[in-house]
Amino acid sequence: MSYNKMKIAVGIFTFITIIFLSFALFFILKYKGMFEKSYTYAFYANSAKDFDIGTPIKYSGFKIGYINKIDFTYDGKVFVHFLVKAKNTKWINKRAYLLLRKPLLGSSTISLIANANYPVITPNAILSYEVQDDINSLIVQLKPVLINVKSVIKNIDLLTKELSSPKGSLMRSMSNLEKITAKFANSKSMVDAVMGEKKSSKNITQSIESLKEIMSEVQKSTQKINKILKHVDNGIIKPSKKIPKNINDILEDVKKKLRKLDGLVNAVGKSDKDIVLLKEQILLAVDKANGLINSVNSLIQSDDKKVQLP
Amino acid sequence: MRLAILFTLIFLAGCSFKSDNLGAWKKETSNSFESYTKYYLEGKTRLASVSLKRALASAKSSADLRPLSKVYLGVCALHVGVLIDDKCDDFLSLDDVLDKNDSSRSYYYMIEKKFRDVRVDSLPKQYRDFVKAVKKSDFKSAKQDIKAMKNISSALIASSLIKEHLNSDDIDFLIQRTSLYGYKKAIIRWLKFLKTTSTTKKDRKIDKLLKILN
Chain L
7 MSYNKMKIAV GIFTFITIIF LSFALFFILK YKGMFEKSYT YAFYANSAKD
57 FDIGTPIKYS GFKIGYINKI DFTYDGKVFV HFLVKAKNTK WINKRAYLLL
107 RKPLLGSSTI SLIANANYPV ITPNAILSYE VQDDINSLIV QLKPVLINVK
157 SVIKNIDLLT KELSSPKGSL MRSMSNLEKI TAKFANSKSM VDAVMGEKKS
207 SKNITQSIES LKEIMSEVQK STQKINKILK HVDNGIIKPS KKIPKNINDI
257 LEDVKKKLRK LDGLVNAVGK SDKDIVLLKE QILLAVDKAN GLINSVNSLI
307 QSDDKKVQLP
Chain Y
2 MRLAILFTLI FLAGCSFKSD NLGAWKKETS NSFESYTKYY LEGKTRLASV
52 SLKRALASAK SSADLRPLSK VYLGVCALHV GVLIDDKCDD FLSLDDVLDK
102 NDSSRSYYYM IEKKFRDVRV DSLPKQYRDF VKAVKKSDFK SAKQDIKAMK
152 NISSALIASS LIKEHLNSDD IDFLIQRTSL YGYKKAIIRW LKFLKTTSTT
202 KKDRKIDKLL KILN
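Chain order of the listed sequences is L and Y. 184 is the number that the working numbering gives to position 178 of the first sequence; each next residue is one higher, with no gaps. 165 is the number that the working numbering gives to position 164 of the second sequence; each next residue is one higher, with no gaps.
The set of hints was computed from the structure by calculation and includes no laboratory data. Among the clues, some could well be false.
[Stated by the list, open to error] Cβ-Cβ distance ranges computed for the label pairs, FRET-style: (1) L:112 x Y:116: 43 to 49 Å; (2) Y:88 x L:112: 48 to 54 Å; (3) L:76 x Y:151: 55 to 61 Å; (4) L:53 x Y:64: 41 to 47 Å; (5) L:314 x Y:145: 20 to 26 Å; (6) L:66 x Y:145: 28 to 34 Å; (7) Y:183 x L:138: 52 to 58 Å; (8) L:53 x Y:151: 40 to 46 Å; (9) L:66 x Y:149: 44 to 50 Å; (10) L:81 x Y:151: 27 to 33 Å; (11) L:66 x Y:104: 40 to 46 Å; (12) L:30 x Y:126: 48 to 54 Å; (13) Y:149 x L:93: 40 to 46 Å; (14) L:92 x Y:149: 43 to 49 Å.
Since the model is a prediction, treat every value here as computed from it, not as a measurement. We treat Cβ as the ideally placed atom computed from N, Cα and C, and that holds for glycine.
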C-alpha cells in the first residue's frame with residue numbers, strides 16, 4: 007500500500023470512528039433526556055442546609071427533576087428553582103407539594119407529593135414545601151415516655167428522702183425503738199417480753215444495726231437517680247440503652263433494700279400505719295417503674311427477641 | 002448534638018408505640034437473663050438473683066417452655082463457665098415436655114462434655130468450629146477457636162470444657178480477656194484454677210491478686 011492510500015484509509019477510519027462516537031454520544035444523551043424540554047418550578051424554604059444544586063426531586067421514588075438554582079431572598083428566605091422534564095410535568099398539579107424528609111439514617115430527600123386527579127399547573131409556578139424531620143417526630147413520640155420516667159423517678163426520690171429524713175415516720179419510729187432497746191439493752195428478756203416473742207426482738211435489734219448502712223445506700227441510689235434526672239431535665243437522654251438499664255438497676259437496688267427492711271417494717275408496722283403506707287407506696291412505685299422500663303425496652307427491641315445462650 | 006440524638010434514636014427507629022402485649026414476656030425474659038449473665042459474672046450476687054427471678058417469672062408466664070429451658074440451660078452454662086459443676090437438673094426437669102430435637106439439647110450435651118451426642122449445626126455459631134475440633138481431639142485448633150470467640154462468656158464456657166488441656170499461658174490469656182469486662186467472679190474462679198496449674202513463683206502473684214479481689 008502506497009503512503010497516500012494509507013493516509014486516506016486512516017482518514018476514513020478516523021472519520022467513521024468520530025461519526026460513530028458522535029452518534030453513540032447523541033443516543034446516550036437522548037436516552038438520558040438531555041434534549042428533552044424541561045420546565046422550571048420553584049418553592050420557598052427557610053434554609054438551604056438540607057439540599058444543594060443537583061439535589062433530585064423524586065416522585066414515587068423516581069427522579070423527575072432536580073434543583074438547578076438557589077437564591078437568597080431579601081427577607082432571608084431561600085428561593086429554590088427546580089427543573090422537571092416535560093413528560094413529568096403531569097404530576098405537578100394544584101394539590102402537589104414538596105416534602106423534604108430528613109431520615110434517621112442517610113441523606114435528606116425531596117419528594118413531590120401529588121394526586122393525579124387534580125388539574126396540572128403551569129410551569130414557573132411556586133409550590134408548597136413541607137419538612138418532615140424523623141428525629142423530631144420521634145422525640146415527640148418519646149416525650150410521654152420521658153415524662154413518665156421522670157415522674158416515677160421523682161416519686162422514688164421523694165420516697166427515699168422520706169425514708170431517710172430524720173422527721174420521717176420510719177426514722178421517728180426507729181429512734182423510739184432505739185431508745186427502748188437502749189434502755190433494755192442489759193435486759194434482753196425484757197425486750198422479749200415487750201415484743202411478745204424472741205424472734206421479733208431479734209429482728210428489730212438486727213434491723214436497727216443495719217438501718218444506718220441501708221439508709222446511706224438508699225441515699226447513694228437517690229444521688230444516682232438525680233444524676234439521671236438531670237439528663238432528663240435537659241430534654242435529652244444519653245445516647246445509649248444504658249439509661250433504662252441504669253434506672254432498672256437502681257430500682258432493683260431500692261427494692262432489695264426495702265426487702266431488707268421487711269423484718270423491721272413488719273414488726274413496727276403493726277402499730278404504725280404510716281410506715282405500712284410508705285412501704286406500699288414504694289412497692290407500688292417500684293412496680294410501676296418496672297412496668298415502665300419494660301415498655302421502654304419494648305420500644306427499643308424487636309418483637310422476636312429470644313433468650314441468647316451464653 | 003444532633004449526632005447524639007441520632008444514636009439514641011437509632012434504637013427507636015422502626016419502632017412504634019404498641020398497644021398490645023404480644024411477646025413482651027419474651028423480651029422481659031431475654032433482658033432479665035442478659036442482666037443475670039452480666040451480674041453473675043461480675044459477682045453481683047444480689048442483683049443476679051433478682052434478675053434471674055425476673056427472667057424465670059416472665060418465662061413461666063407462657064405455655065411455650067423453650068425460653069424457660071434456655072434460661073435454665075444458660076444458668077447451667079454460666080456455672081460451667083466459672084468452673085462450678087452443674088448437672089443442669091433444672092433443664093433436665095423439662096425433658097419430658099420439650100421437643101427431643103430441640104437445639105438446646107445439643108448445647109446441653111456440649112456443656113456436659115457429651116460431645117459425641119452434639120449436633121454441631123444446631124449449636125450457636127460461635128461454638129461450631131470449637132466443637133468440631135474437640136470432637137477430633139484437635140485441642141490446638143480448639144484453643145484458637147476460643148481465642149476467636151467474640152463473646153467472653155462463650156470463651157469462658159468453651160475454655161472450661163477443655164480446661165484439662167489448657168496450659169497456664171492459655172488460662173492467663175483468658176483471665177486477661179475476662180479482666181477487660183470486669184467479670185470478677187469469673188476472674189477469681191479462673192485464678193484459683195490457674196493456681197493449681199502454675200509454678201510457685203506465679204503462686205505468690207495469684208495469691209496477691211486473689212487477696213485484692215476478695
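Ascending list of hint numbers which this structure does not respect: Going through the list in order, the structure violates hints 3, 4, 6, 7, 10, 13, 14 and respects the others.
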